[in-house]
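Number of protein chains: 2
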Amino acid sequence: MKISEARPYVVERLKYALNPRSIAVVGASRYPTKVGNKVVAELMEWGYKGTIYPVNPRAKEVLGLQAYPTLRDIGKEVDLVFVAVPAHLVRSILEDAVAIKAKVAVVATSAFKEIGRGDLQNALTEYCRRNELPLIGPNLVGMGSPYDHFNCGFIPYLPVPGPIAMISQSGANLLAALGTSQEEHLGMSFFVGLGNKADVDFAEFIEYADQDPRTKVISIYIEGLDSPEAFVKSCRKARKPVVAIKVGGSKIGVKAAFAHTASENPEGDDYYDRVISEARAYRARMWQEFLDVSLALGYQPPLKGDNVVMITNGGGAALLSCDHFERLGMPLRELKDISPLLAAKIRAYMPMFGSPLNPVDISGTAGVIQYKGAFQQAFRDPNVDGVLGAICPTAVTDVIGVAKAAVEVYRSTRELGKPFLMICQGGGECREAIRLLRDAGIPAYLTAEQAVTAMVALRKAGK
Amino acid sequence: MKISEARPYVVERLKYALNPRSIAVVGASRYPTKVGNKVVAELMEWGYKGTIYPVNPRAKEVLGLQAYPTLRDIGKEVDLVFVAVPAHLVRSILEDAVAIKAKVAVVATSAFKEIGRGDLQNALTEYCRRNELPLIGPNLVGMGSPYDHFNCGFIPYLPVPGPIAMISQSGANLLAALGTSQEEHLGMSFFVGLGNKADVDFAEFIEYADQDPRTKVISIYIEGLDSPEAFVKSCRKARKPVVAIKVGGSKIGVKAAFAHTASENPEGDDYYDRVISEARAYRARMWQEFLDVSLALGYQPPLKGDNVVMITNGGGAALLSCDHFERLGMPLRELKDISPLLAAKIRAYMPMFGSPLNPVDISGTAGVIQYKGAFQQAFRDPNVDGVLGAICPTAVTDVIGVAKAAVEVYRSTRELGKPFLMICQGGGECREAIRLLRDAGIPAYLTAEQAVTAMVALRKAGK
Numbered sequence: 026m027k028i029s030e031a032r033p034y035v036v037e038r039l040k041y042a043l044n045p046r047s048i049a050v051v052g053a054s055r056y057p058t059k060v061g062n063k064v065v066a067e068l069m070e071w072g073y074k075g076t077i078y079p080v081n082p083r084a085k086e087v088l089g090l091q092a093y094p095t096l097r098d099i100g101k102e103v104d105l106v107f108v109a110v111p112a113h114l115v116r117s118i119l120e121d122a123v124a125i126k127a128k129v130a131v132v133a134t135s136a137f138k139e140i141g142r143g144d145l146q147n148a149l150t151e152y153c154r155r156n157e158l159p160l161i162g163p164n165l166v167g168m169g170s171p172y173d174h175f176n177c178g179f180i181p182y183l184p185v186p187g188p189i190a191m192i193s194q195s196g197a198n199l200l201a202a203l204g205t206s207q208e209e210h211l212g213m214s215f216f217v218g219l220g221n222k223a224d225v226d227f228a229e230f231i232e233y234a235d236q237d238p239r240t241k242v243i244s245i246y247i248e249g250l251d252s253p254e255a256f257v258k259s260c261r262k263a264r265k266p267v268v269a270i271k272v273g274g275s276k277i278g279v280k281a282a283f284a285h286t287a288s289e290n291p292e293g294d295d296y297y298d299r300v301i302s303e304a305r306a307y308r309a310r311m312w313q314e315f316l317d318v319s320l321a322l323g324y325q326p327p328l329k330g331d332n333v334v335m336i337t338n339g340g341g342a343a344l345l346s347c348d349h350f351e352r353l354g355m356p357l358r359e360l361k362d363i364s365p366l367l368a369a370k371i372r373a374y375m376p377m378f379g380s381p382l383n384p385v386d387i388s389g390t391a392g393v394i395q396y397k398g399a400f401q402q403a404f405r406d407p408n409v410d411g412v413l414g415a416i417c418p419t420a421v422t423d424v425i426g427v428a429k430a431a432v433e434v435y436r437s438t439r440e441l442g443k444p445f446l447m448i449c450q451g452g453g454e455c456r457e458a459i460r461l462l463r464d465a466g467i468p469a470y471l472t473a474e475q476a477v478t479a480m481v482a483l484r485k486a487g488k
Numbered sequence: 026m027k028i029s030e031a032r033p034y035v036v037e038r039l040k041y042a043l044n045p046r047s048i049a050v051v052g053a054s055r056y057p058t059k060v061g062n063k064v065v066a067e068l069m070e071w072g073y074k075g076t077i078y079p080v081n082p083r084a085k086e087v088l089g090l091q092a093y094p095t096l097r098d099i100g101k102e103v104d105l106v107f108v109a110v111p112a113h114l115v116r117s118i119l120e121d122a123v124a125i126k127a128k129v130a131v132v133a134t135s136a137f138k139e140i141g142r143g144d145l146q147n148a149l150t151e152y153c154r155r156n157e158l159p160l161i162g163p164n165l166v167g168m169g170s171p172y173d174h175f176n177c178g179f180i181p182y183l184p185v186p187g188p189i190a191m192i193s194q195s196g197a198n199l200l201a202a203l204g205t206s207q208e209e210h211l212g213m214s215f216f217v218g219l220g221n222k223a224d225v226d227f228a229e230f231i232e233y234a235d236q237d238p239r240t241k242v243i244s245i246y247i248e249g250l251d252s253p254e255a256f257v258k259s260c261r262k263a264r265k266p267v268v269a270i271k272v273g274g275s276k277i278g279v280k281a282a283f284a285h286t287a288s289e290n291p292e293g294d295d296y297y298d299r300v301i302s303e304a305r306a307y308r309a310r311m312w313q314e315f316l317d318v319s320l321a322l323g324y325q326p327p328l329k330g331d332n333v334v335m336i337t338n339g340g341g342a343a344l345l346s347c348d349h350f351e352r353l354g355m356p357l358r359e360l361k362d363i364s365p366l367l368a369a370k371i372r373a374y375m376p377m378f379g380s381p382l383n384p385v386d387i388s389g390t391a392g393v394i395q396y397k398g399a400f401q402q403a404f405r406d407p408n409v410d411g412v413l414g415a416i417c418p419t420a421v422t423d424v425i426g427v428a429k430a431a432v433e434v435y436r437s438t439r440e441l442g443k444p445f446l447m448i449c450q451g452g453g454e455c456r457e458a459i460r461l462l463r464d465a466g467i468p469a470y471l472t473a474e475q476a477v478t479a480m481v482a483l484r485k486a487g488k
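Residue numbers (the numbering used here), protein chains in the order written: chain R, 26 to 488; chain Y, 26 to 488.
Some hints here could point you the wrong way.
What the hints assert, rightly or not - Residues from chain Y that face chain R, not an exhaustive set, calculated with beta carbons under 8 Å:
| id | residue |
| --- | --- |
| 1 | ALA281 |
| 2 | SER380 |
| 3 | GLY451 |
Stated by the list, open to error - Covered by chain Y, according to a simulated footprint, are these stretches of chain R (three or more residues, beta-carbon under 8 Å):
| id | region |
| --- | --- |
| 4 | 68-75 |
| 5 | 303-313 |
| 6 | 419-431 |
Simulated from the structure, these hints should not be mistaken for lab results.
Owing to the predicted nature of the structure, the values given are computational and were not obtained by experimental measurement.
Note that beta-carbon positions come from the ideal geometry of N, C-alpha and C, so glycine has one too.
Work out the full structure, taking the sequences as your base and the hints as a guide.
Below is the structure:
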């Protein structure tokens, strides 16, 4: 439900959603196939450090923990109330939560506005707002943080730690992002599913994320934007970059967005272009772009000029990159135009048949020494604003060795404030190199176009 | 060098490039760090069944095989001569190859036209054409086929077997595709790097691939198209779909393409749009699209109408898909407009809060039974032209179980000739499901947009 700006009491309370000292799970079942059981199981399995209070009127114990018939029976302070009971029971649970002075309520339950029961949902919102109990959801999967070993919801895994605060209306896409994080080391500071966002809105999580010291970029997946003014205000206030993907712009998507998270989209898609641009956020169009740009803005500084030097051992990645840079309106410039001396300096690190154009092709025979030399020359040249490296696996390329060399160069040149991105197009060793590079803070990508898109996003951030 | 059409003697000889009974490796070194050594080592390691003749004037043996001072000393029939010696020695090797009546010559050596020595390269071409010895290369990485355990060149791995003939001018991008094949089960029938393509051209490999019974789609990575007429003729003659990616269209890309594979691009990029459209081929713009569309056209029939039904357990993938279908000019239609009865039939497989719109959201609780039922209903409806499935990993989703169910449904509905694509956005279990689905002939993708792009490509093929 609409807010005109982020409410300070909500922002202040969100720390209890993401780092609670105690959690009551209402609807905690004894049966392992039930979602209410899984919430408790995941909390325990991933190493939650606080206290868990299962609430279940028909159980004495859930997964070895003492269970309570109602919230009121707990008799201790409860930070977070996680609600996983049928829709018609939610109101009375929230009344109990208010009564015991819980800090925040998270409602996972579905079957509210998204199936036409907006009345039921609005009544909950009004009740919670009147009693200043922030309500997250309903119709969500949960939240967590890899730093705190905190996994609260129907969530099969935690992401790897990193800079991205992932704030998603869709549960399924949030889970997809978490799975990708594990596989591809897309590092996150915390994540949350907002579902129907009956009460707590994007703006409030944006302000929370802006204060969170582990978060370096705020990434938001939007199906419906009920409170565009609040969104714009909070984004503009944030000192951290914001990446937003707004879906449901298509004709049938408008209906699907309503059916999914009760999101209303009375405005055309152009409207969201204007809102997101007014918010000074980056608008991603596609899922992969959303993840890729988030990673780049999370780890690297903005690109302050157009002088990007690309260093590669293969012409294929070079050509894909040239074309994509031009497609995105930021064509690569020739090395001689960027810095007349640089070409000669880099020449020392390539064989006769290499090409000191830009992309600089140090050839398929390039090893660690050639890469290191070329990278260092590029970083140290005062005319160079950013460096894009590519490792193509040839039969003689030490992909992991080159990735390690890239990390070394990055560590010694980082204070120059020049963005460094990498491309590793290929098989198993490339995927390993990507994880290694990302763990060291270098956004690395599986295709040339992904890296180029990310570099252009860094340039937008630099303007 | 330009040809006006595919030359029959060349097409006929290409079987010796891809399935030779014997190979002479000229420049086969005893030292494992040398590329000439790696060619022999890879052939042996991957299980080449024919005879290998290392040629090296200073060695008696290479990797345990008898070595010969020159090609003329072998004294047996040689199908393929693989040349990995410095540029100035290549001419005399080719003279020997002609003398011993080798069937085809493959020249890996660099430093020809791409560094300004077009004169040297053209002399080789003219010599080979005069003597009807097809010359593949120079400046290439090699070729192979997983079906024949054949890996000939500087190639660290074979792809998994499948329908795609991968014909690439770039070596690095070819290797990237092979690595991706291993990791993501992008199945290939054969692959070849063409490099500078001084003699043998795309057209000839297209005609060979069209005859090859294992190939179902012909995928071509182009940096320069010297012989557009021949290309168009061969594509139009082919009974199999052709997917082409043409790079080097950007201003700096024109120079990079020359430096890489001596490719000349006197025409603007629009020209290639026209050529590829005249060839009735699909033009991919980006690397990922190139691979994704190749897979779809390789495994699935064309989509004969616009009525695609999407079945998903998560609204996030649904929304990304809706938007991307509309972005590509093929919006999804509502289920009730496709088939009034289908919504009711599918309703039986979803809970109350599911959505029978289109995408059909059978909800996060959906299991194998729900998926199977929904898929079957969709396939059997005469108004449905194709099905797009999505599996989102929730805490209760049996991702692998659903993938296996999809394979079962596919096997029993395959004769209907309706394309079936899948989306699995997520972590490790999704990647496993993708491999499982692809192994069964169902193109499955890691993001919604990739699958939608592939479905739209199938529709183009159906028109």
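(request) Check each numbered hint against the structure and report the violated ones by number, ascending. (result) Structure breaks hint 4 only.
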